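*Asks:* Residues per chain, in single letters:
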Amino acid sequence: MKKQSKPKVAFFDFTDCEGCQLQFANMGQTFLELTDLVDIVSFREIMSERAEDYDIAIVEGSISTDNDVTRIKKIREKAKVLVAFGSCATIAGVNGIKNRSSLELAKKRVYGEKAGLINTIKAMPLDAVVKVDYYILNCPPYIPEIIAVLKAILMGKPYPLPNYAVCVECKMNENVCRYEKDQECMGPVTRAGCNSWCINNGNRCYGCRGLVEKPASDAARDILQKYGLKLEDILNSFTLYNDSMGEKYDQEFK
Amino acid sequence: MTKSLSKIDPQNVKVDVHYLTRVEGHGNIVVDVKEGKLAKCEFQVIESPRFFESMLVGRSIWEAQHLTSRICGICACGHSLASIKAGEDALGIKPSDEVAMLRKLLLYTEMLDSHILHIYILVAPDLLGVKSVVPLIKTHRPVIDMALRMKRMSDYAGEILAGRHIHPISYVIGGLTQLPSREGLEKLYSLMLESRKDGEETVKIVRTLKFPEFQRPTQYMSLTSDEEYAMYDGDLTVNGKRSKVSDYRQLFMESVVDYSRAKISRINGKSYAVGALSRFNNNFEKLHKKAKAAAKELGLKAPCHNPYLNTAAQLVEWVHCLEESIAILEKVLKDGLKEEKVVVSSWPKRSEIGKIKYKANTGIGCVEVPRGSLFHEYTIDDSAHITAANCVIPTNQNMGNLEDDMRKIVPELLGKKTQEEITLSLEMLARAYDPCISCATHLLDIKFV
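Taken in sequence, the protein lines are chains G and W.
Numbered per this note's numbering, the first sequence spans residues 1 to 254.
Numbered per this note's numbering, the second sequence spans residues 1001 to 1449.
No lab work stands behind these hints: they were computed from the structure.
Among the hints, erroneous ones may be present.
In silico DSSO-like links for lysine-lysine, alpha-carbon gap of 27 angstroms or less [to be verified]:
{"hint": "1", "chain 1": "W", "residue 1": "Lys1359", "chain 2": "G", "residue 2": "Lys151"}
{"hint": "2", "chain 1": "W", "residue 1": "Lys1094", "chain 2": "W", "residue 2": "Lys1289"}
{"hint": "3", "chain 1": "G", "residue 1": "Lys181", "chain 2": "W", "residue 2": "Lys1241"}
{"hint": "4", "chain 1": "W", "residue 1": "Lys1357", "chain 2": "W", "residue 2": "Lys1289"}
{"hint": "5", "chain 1": "W", "residue 1": "Lys1355", "chain 2": "G", "residue 2": "Lys181"}
{"hint": "6", "chain 1": "W", "residue 1": "Lys1355", "chain 2": "G", "residue 2": "Lys230"}
{"hint": "7", "chain 1": "G", "residue 1": "Lys181", "chain 2": "W", "residue 2": "Lys1138"}
{"hint": "8", "chain 1": "G", "residue 1": "Lys181", "chain 2": "W", "residue 2": "Lys1341"}
{"hint": "9", "chain 1": "W", "residue 1": "Lys1131", "chain 2": "G", "residue 2": "Lys8"}
{"hint": "10", "chain 1": "G", "residue 1": "Lys226", "chain 2": "W", "residue 2": "Lys1197"}
{"hint": "11", "chain 1": "W", "residue 1": "Lys1040", "chain 2": "G", "residue 2": "Lys181"}
{"hint": "12", "chain 1": "W", "residue 1": "Lys1131", "chain 2": "G", "residue 2": "Lys78"}
{"hint": "13", "chain 1": "G", "residue 1": "Lys171", "chain 2": "W", "residue 2": "Lys1349"}
{"hint": "14", "chain 1": "G", "residue 1": "Lys6", "chain 2": "W", "residue 2": "Lys1359"}
{"hint": "15", "chain 1": "W", "residue 1": "Lys1359", "chain 2": "G", "residue 2": "Lys181"}
{"hint": "16", "chain 1": "W", "residue 1": "Lys1131", "chain 2": "G", "residue 2": "Lys74"}
{"hint": "17", "chain 1": "W", "residue 1": "Lys1286", "chain 2": "W", "residue 2": "Lys1197"}
{"hint": "18", "chain 1": "G", "residue 1": "Lys171", "chain 2": "G", "residue 2": "Lys181"}
{"hint": "19", "chain 1": "W", "residue 1": "Lys1301", "chain 2": "W", "residue 2": "Lys1241"}
{"hint": "20", "chain 1": "G", "residue 1": "Lys6", "chain 2": "W", "residue 2": "Lys1138"}
{"hint": "21", "chain 1": "W", "residue 1": "Lys1349", "chain 2": "G", "residue 2": "Lys230"}
{"hint": "22", "chain 1": "G", "residue 1": "Lys181", "chain 2": "W", "residue 2": "Lys1417"}
{"hint": "23", "chain 1": "W", "residue 1": "Lys1034", "chain 2": "W", "residue 2": "Lys1286"}
These figures come from a predicted structure and were not determined experimentally.
Modelling step: build the complete structure from the supplied sequences, incorporating the hints.
*Replies:* Written out as structure tokens, the structure reads:
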């Protein structure tokens, strides 16, 4: 095999909690093995070195200021591959909640009479501004999925996202349906791929992976019918994570 | 070392660190000395504002933990616990002693995780003269393997107790959504016993590192308790003066400054410090005896007025939290956990949403998180929806203190150190506070010109 130089990877963060990057630190030995396959050239949270030359940009956080728009466009120009990493980057995440009230009101609530000092725009996922090549969903990202997407990138293959609801995985994990326990759950409309992480731990699904493309198909339809629910009932609760498809559903159902 | 001394005119120095690295979040350090006088000394938080306090308005109190955990990836458990305590205070829910014990365990394991990350990944490279942990993977592989092993132990704790450490799943208002598995708790217990020797080794390593000399006594605030080294509960104390958590708004004032997205707070009109060093100074007597021994070995004595030694205080707390966690696990494994005492029963039923009348109320929750005292306060209406929220973050509280440290240290270094050395000293000072800027929005890159 022809010897190739290792691809250069740079991490970038926009508006978020930086928990996504921490998931790399939480990969432990796998992270060390990754450094055998790629050169990490920029990772502000853990490195002082900075490089302007990179092949793969792994970007977390939402776009939420004018400066963010300029910065992500520059990153897109330099990167051969751009990966949107985590809920804030892929679907605007919890940052999107602020879009549901006026920005002026949000500024005033937090910064009071000094609100005028703050620049902010609508919170957006990266693909509202630039082309995104790969998506790693979830808040925080699910480590097996991070590894699967990285493998696909290194092999130059696409990574198709699962197009069925969390309910499919949840049933395979033999969890008791949250609706059976008289609880609300976003599982029937949320895109699978997390192995029903939250429900396995006794909680419910909050929809951090965004909406599945056809929420009324597959297992979701069975659940909805069984508990006498309408799609709208669930979508009305879909406000914690501002899926970029959310507005489309809002228009369709409200 | 024959490093060429960059000539600086001590009468006119400008430091402008843009995007400080190896901290959580985005910040700048700006220092400007004009004609021998310090004209500007700012720690600018430039992280994009996130508006959590506004995002909470209109949301159900039952969603507050899920949402506010997302303020910070590093201290997600701390935010969850402050949020849960504030929610319970507002709703009038009192969790069982078993639940309180499991919450302490989660909080201690987050301290273990965050402190080890700070010591090895963020601070050690400065003290070893390298730019990051990456070159250390080759030059100091056994130490890095040990650090990752220690980190893995605390990550595992998060997995077993709460489903995951970043944005914990099973800790909610009223209790846990499910019992941690006995098998998992047993494995965690054995990992913790094994970690003791890694802790001892880390104390030996940190003892050999040379921290910069600098002294500035200040006001140290933390929780305090007669029963234990306070982290989950207690009163507030500032240099020996105690007050109730519920009076926190009378104790300190937060204000917005024009150069930063983070608010700055003051006590009696002066800056104050929170975090490991404050807790160590205020509550030294309550530390576990092994932690006291570690402090002695590190040469750390209370009260300590050198902010650079916050890192050493973190290591002392690491030893304390490990021993306290082991003690809790021993009790849990001996007595077992009863589902009816732990698993939440007050979870809102789908069929009851919108039908229950609650008492309109305000609740406050305070816990010690790795970087200091964290406050969440929510006001709810009779449908248990939040009408007002306030979150006070440790990094904001430390900001004024860090700037006052910089104001004292810059004149001390002028004329003695090169520009590069002054810049590094200021970067290291900011890093010593372990600032968490994602949290604070609501650090530092220095450039000499």
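*Asks:* Next step is simple, just say for each hint if it's right about the structure.
*Replies:* Right, here's what the structure says about each hint:
no.: 1; hint: W:Lys1359 x G:Lys151; in the structure: 53 angstroms, violated
no.: 2; hint: W:Lys1094 x W:Lys1289; in the structure: 32 angstroms, violated
no.: 3; hint: G:Lys181 x W:Lys1241; in the structure: 49 angstroms, violated
no.: 4; hint: W:Lys1357 x W:Lys1289; in the structure: 49 angstroms, violated
no.: 5; hint: W:Lys1355 x G:Lys181; in the structure: 18 angstroms, holds
no.: 6; hint: W:Lys1355 x G:Lys230; in the structure: 20 angstroms, holds
no.: 7; hint: G:Lys181 x W:Lys1138; in the structure: 52 angstroms, violated
no.: 8; hint: G:Lys181 x W:Lys1341; in the structure: 19 angstroms, holds
no.: 9; hint: W:Lys1131 x G:Lys8; in the structure: 18 angstroms, holds
no.: 10; hint: G:Lys226 x W:Lys1197; in the structure: 55 angstroms, violated
no.: 11; hint: W:Lys1040 x G:Lys181; in the structure: 59 angstroms, violated
no.: 12; hint: W:Lys1131 x G:Lys78; in the structure: 24 angstroms, holds
no.: 13; hint: G:Lys171 x W:Lys1349; in the structure: 21 angstroms, holds
no.: 14; hint: G:Lys6 x W:Lys1359; in the structure: 61 angstroms, violated
no.: 15; hint: W:Lys1359 x G:Lys181; in the structure: 26 angstroms, holds
no.: 16; hint: W:Lys1131 x G:Lys74; in the structure: 25 angstroms, holds
no.: 17; hint: W:Lys1286 x W:Lys1197; in the structure: 23 angstroms, holds
no.: 18; hint: G:Lys171 x G:Lys181; in the structure: 15 angstroms, holds
no.: 19; hint: W:Lys1301 x W:Lys1241; in the structure: 20 angstroms, holds
no.: 20; hint: G:Lys6 x W:Lys1138; in the structure: 17 angstroms, holds
no.: 21; hint: W:Lys1349 x G:Lys230; in the structure: 18 angstroms, holds
no.: 22; hint: G:Lys181 x W:Lys1417; in the structure: 67 angstroms, violated
no.: 23; hint: W:Lys1034 x W:Lys1286; in the structure: 46 angstroms, violated
Comparing the model with each earlier hint shows violations of hints 1, 2, 3, 4, 7, 10, 11, 14, 22 and 23; every other hint is respected.
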